[in-house]
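There are 2 protein chains.
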Amino acid sequence: MTTELETVNDWRVFATDHALNSVALAGDTIVVTWSDGRETAFHRFFLRDNCTCSQCYLPLTREQLFEITDAPEDLAAASAAIDAGGDLVIGWSDGHASRYAPGWLRSHAPDAASRAERHAARPRPFIWGSEYADRLQSFDYADIMADDHTLWTWLGALRSSGMTLVRNVPLAEEALLAPIARISHLRETNFGRVFDVKSKPRADSAAYTSVNLPPHSDLPTRELQPGVQFLHCLINDTVGGESVFVDGFAIGEAMRAEHPEDFATITTTPMAFWNRDDRTDYRWSAPLIALNAEGDLDEVRFANFLRGPIDAPAERMPAIYRALRLFQAMSRDPRFFIERRLAPGDMWAFDNRRVLHARREFDPQTGDRHLQGAYVDRDEINSRWRVLGRELGEPC
Amino acid sequence: MTTELETVNDWRVFATDHALNSVALAGDTIVVTWSDGRETAFHRFFLRDNCTCSQCYLPLTREQLFEITDAPEDLAAASAAIDAGGDLVIGWSDGHASRYAPGWLRSHAPDAASRAERHAARPRPFIWGSEYADRLQSFDYADIMADDHTLWTWLGALRSSGMTLVRNVPLAEEALLAPIARISHLRETNFGRVFDVKSKPRADSAAYTSVNLPPHSDLPTRELQPGVQFLHCLINDTVGGESVFVDGFAIGEAMRAEHPEDFATITTTPMAFWNRDDRTDYRWSAPLIALNAEGDLDEVRFANFLRGPIDAPAERMPAIYRALRLFQAMSRDPRFFIERRLAPGDMWAFDNRRVLHARREFDPQTGDRHLQGAYVDRDEINSRWRVLGRELGEPC
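Chains as they are written, first to last, in the numbering used here: chain A, 1 to 396; chain B, 397 to 792.
Since the hints were derived computationally from the structure, they do not count as laboratory data.
Glycine included, C-beta positions come from ideal geometry on N, C-alpha and C.
Hints are supplied without guarantee of correctness; some may be wrong.
Pairwise CB distance ranges, derived in the manner of DEER restraints [to be verified]: (1) F126(A) with V485(B): 44 to 54 Å; (2) E638(B) with C53(A): 25 to 35 Å; (3) F191(A) with R578(B): 16 to 26 Å; (4) G367(A) with I631(B): 50 to 60 Å; (5) R193(A) with L456(B): 23 to 33 Å; (6) P455(B) with T268(A): 29 to 39 Å; (7) F191(A) with A686(B): 46 to 56 Å; (8) D759(B) with C53(A): 19 to 29 Å; (9) F191(A) with R737(B): 39 to 49 Å.
Covered, in the sense of this in silico footprint (three residues per stretch, anywhere, with C-beta under 8 Å from a C-beta of chain A), are these stretches of chain B [to be verified]: (10) 440-452; (11) 463-469; (12) 503-514; (13) 578-587; (14) 689-701; (15) 754-766.
Start from the sequences and build out the full structure, keeping to the hints where you can.
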């Protein structure tokens with residue numbers, strides 16, 4: 001593998017084994033052949049759009065100055081050649097000139113084979129069920145705080161399994177803010193920057209009830225549900241109150257495989273969620289399972305206690321309720337969930353848009369229970385993971 | 397119009413002229429006829445799901461305890477009647493009993509006529525072009541701070557036109573936080589809670605260049621672009637630097653009407669956006685114009701200087717570049733934009749996911765320019781608007 005220098009428009013380094021063998025002009029495209037025999041036709045506007053000369057790009061900000069709408073409609077490559085260094089060099093019909101490194105070209109090639117390769121190389125989530133209880137990914141607070149490689153590994157685990165445990169977090173209020181500050185700013189909500197999950201021996205408010213909380217994501221009432229939830233245990237003396245987690249992606253893939261019709265319903269039917277207090281009125285509707293543009297699982301959204309009435313045509317109601325009842329039943333199925341009791345100093349960190357969490361009923365007469373929580377969105381997790389990967393020379 | 401008391405599961409009041417005339421059982425549904433002759437078939441699970449008795453709902457939190465997956469598969473209405481008060485009363489085959497007010501039932505009726513009525517009654521955005529310059533919705537800082545009705549009107553304007561001006565904001569750093577605090581918490585980003593848009597007579601960083609900034613939304617690199625942007629002018633002494641705004645929904649509707657093929661391309665092709673600094677690496681791909689489930693315009697996402705290479709099949713490139721070039725050209729079309737110079741004490745408040753903003757080139761040698769900005773997401777705008785509407789007796 002040869003490694004090429006990063007291009008001005010990117011911090012990544014595009015390595016390739018594949019040299020450019022030849023180039024030819026063909027209608028609206030510039031066609032290159034590669035040393036492995038592959039052929040790629042680049043559209044003239046695509047190449048012009050990605051010119052990184054200092055007229056088209058501000059080197060300091062790495063941002064594009066050129067706007068493709070300013071290219072003439074009939075712009076064409078007047079000349080195309082592979083230079084001594086192996087780069088593709090194009091002279092445009094309006095006099096502009098552009099240069100492209102083969103590593104960058106190969107990494108952005110729009111031919112079917114190259115796109116299929118990139119799609120196949122994308123990381124897949126690690127999907128888990130009840131067996132994950134015995135091999136839950138755990139990290140030590142001190143390692144996360146001191147060591148960038150551990151931090152990178154932890155964030156990678158959050159991206160992959162969506163479910164991690166951090167141990168030995170100091171037993172102090174807001175101690176969870178220190179590992180969060182290692183990542184980024186946090187996601188504030190109307191519950192504050194840090195929220196308290198507290199019970200008192202005699203609960204005086206319904207917000208602090210001790211009942212069983214069925215599997216749910218937090219704040220499905222928001223357009224963007226909070227990404228990663230951090231839940232730090234300060235006190236847990238009560239009888240009961242175990243934490244339960246379900247990989248929503250496992251439910252999704254099982255539905256897809258075992259109940260394809262219900263899967264189609266659950267991924268396309270908007271469900272309403274809204275809160276009901278006297279100071280806020282948040283509402284959002286979206287499918288319980290959202291797919292991305294490639295059809296992969298992207299998000300799970302569910303909290304039965306925040307559901308609103310289903311707004312759908314009468315004739316769709318039987319199919320919708322069948323799928324909803326199945327989804328709810330699966331979220332309780334022992335093959336999917338792990339159950340564990342948090343000890344003081346433990347902190348769950350899990351993807352709130354994937355992993356549903358639940359709390360077993362507990363007896364508030366038997367002791368105290370105090371957890372603190374906060375959120376960081378997926379964007380921040382991903383950005384930090386990529387920059388650490390850059391710095392550590394790890395794949396990103 | 398008769399007004400009914402709110403139901404336990406809602407803070408809204410469901411008024412109706414329509415009484416229940418009769419009820420009958422028909423297979424999986426409970427069919428009611430209304431005083432205006434309309435007929436609605438409610439699915440048995442829909443009604444059971446929305447029972448608001450104190451066994452099914454926690455009155456204090458207004459949250460559902462009952463889970464529909466716990467209803468027996470063969471649940472049926474054993475009896476259905478309209479009681480003396482006009483409510484629908486159902487006795488279920490498992491012994492449970494439920495009661496529903498006619499106003500609530502009518503507001504959630506799944507028959508085609510009722511759904512079409514609700515769809516037609518939904519507020520439509522006020523779409524504007526260059527003519528809006530003369531009738532820009534302006535509000536006075538003191539009124540927003542002191543008067544809830546003005547606050548409600550302002551938030552309604554942000555929901556409807558997406559573009560407002562607030563005058564007479566105090567000339568102090570972070571003065572924009574006071575009107576934001578009237579709404580909710582703000583949306584923090586890696587640029588901080590408040591960001592400074594500052595130029596110096598001799599710009600020493602590319603971040604503070606004085607070049608023309610083409611029409612863009614802020615942070616299209618995030619899965620959820622910030623909702624409403626507040627931009628408060630403290631100093632504006634330079635020659636040039638006028639603000640330009642374009643209603644992205646106007647571009648969208650014009651594309652839909654005049655270039656339906658390009659509209660189809662632009663609403664379905666993911667475009668990549670990413671930032672390029674040394675401490676963050678944010679990336680997101682999404683169509684430049686996003687539609688909601690009903691096909692209405694929901695969001696515009698664009699910043700040419702943050703675009704990444706288009707990842708699409710080679711054969712789609714001609715259509716994609718045609719649509720992109722058209723979109724960019726329209727974003728500069730004088731029929732769509734308004735241009736205005738901010739004076740100290742002025743604050744723009746606009747929907748960053750709808751209204752593209754631009755800044756004309758200015759001459760940093762001619763004086764100082766200092767703006768402060770912050771974001772609040774649409775969820776918070778909508779929640780506050782709804783609660784104010786509740787309190788003021790306005791529609792929400």
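Status of each hint after checking the structure:
no. : hint                             : in the structure
1   : F126(A) with V485(B): 44 to 54 Å : 51 Å, holds
2   : E638(B) with C53(A): 25 to 35 Å  : 30 Å, holds
3   : F191(A) with R578(B): 16 to 26 Å : 19 Å, holds
4   : G367(A) with I631(B): 50 to 60 Å : 58 Å, holds
5   : R193(A) with L456(B): 23 to 33 Å : 26 Å, holds
6   : P455(B) with T268(A): 29 to 39 Å : 34 Å, holds
7   : F191(A) with A686(B): 46 to 56 Å : 28 Å, violated
8   : D759(B) with C53(A): 19 to 29 Å  : 26 Å, holds
9   : F191(A) with R737(B): 39 to 49 Å : 40 Å, holds
10  : 440-452                          : holds (count 4)
11  : 463-469                          : holds (count 4)
12  : 503-514                          : holds (count 6)
13  : 578-587                          : holds (count 7)
14  : 689-701                          : holds (count 3)
15  : 754-766                          : violated (count 0)
Of the numbered hints given earlier, the model fails hints 7, 15; all others are met.
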